[in-house]
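A.B. asks: Sequence:
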Amino acid sequence: MAQTKRTIKKYPNRRLYDTEISSYITLEEVRQLVLDNEDFEVRDAKSGEDLTRSVLLQIISEHEDKGQPMLSPQLLSQIIRFYGDSLQGFMGPYLERSLQVFLDQQTQFRSQLNSLMGQTPWNTLNDLTERNMAAFQAMQRGLMDTAAQVMPTPPGGARGGKKSG
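Using this note's numbering, read the sequence shown as starting at 1344 and increasing by one per residue.
Treat the hints with care, as some may be off.
[To be verified] Just the calculated beta-carbon pair ranges, DEER-fashion:
#, residue 1, residue 2, range
1, R1453, E1384, 28 to 38 Å
2, D1379, G1435, 16 to 26 Å
3, A1490, L1456, 14 to 24 Å
4, T1489, Q1411, 53 to 63 Å
The set of hints was computed from the structure by calculation and includes no laboratory data.
The C-beta atom is built at its ideal place from N, Cα and C for all residues, glycine as well.
From just these sequences and the hints, can you work out the full model?
C.D. replies: As structure tokens, then:
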């Protein structure tokens, strides 16, 4: 069964109305739809014009104004320079592919990190402790073997005894 796009209507008073839940929602709730991978579109309530991009840009703008921004002034300037350039049509798809590669690598890294960590941090800590203990015991055996080779055995096999005269 094909899932239809969720429609959000934007009214002249800048309010957003989610037709799926029959309720007004905030920009933060639209952001949550993005985070939840919901397929939606924002339409002007009167004209039906697609306003999805402008609402998404508004969310980005609000998040850039608070906290630590992701988009530096240099990056934004470079993007602006591409508007009207002969390569403008290539820039959007290029950025989409680049971001998708980054996300794929991030997923792969997290997967590798999770498999490295095992079920719990305790498993990793126990494995590390066992390896360190085995290495320490091997080192002790090596020292004892070396010491036995370096130290001569006294006549008669006894160590530390008095010489008889």
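A.B. asks: Quick check on a hinted range of 28 to 38 Å for R1453 and E1384, using CB atoms only.
C.D. replies: At roughly 30 Å between Cβ atoms, E1384 and R1453 fall inside 28 to 38 Å, so the hint holds.
A.B. asks: Taking 53 to 63 Å as the hint, is the beta-carbon distance of T1489 and Q1411 inside that range?
C.D. replies: holds (56 Å)
A.B. asks: Could you see if the CB distance from A1490 to L1456 stays within 14 to 24 Å?
C.D. replies: violated (43 Å)
A.B. asks: Given a hint of 16 to 26 Å, does the C-beta separation of D1379 and G1435 actually sit inside it?
C.D. replies: holds (24 Å)
Taken one by one, the earlier hints fail for this structure only at number 3.
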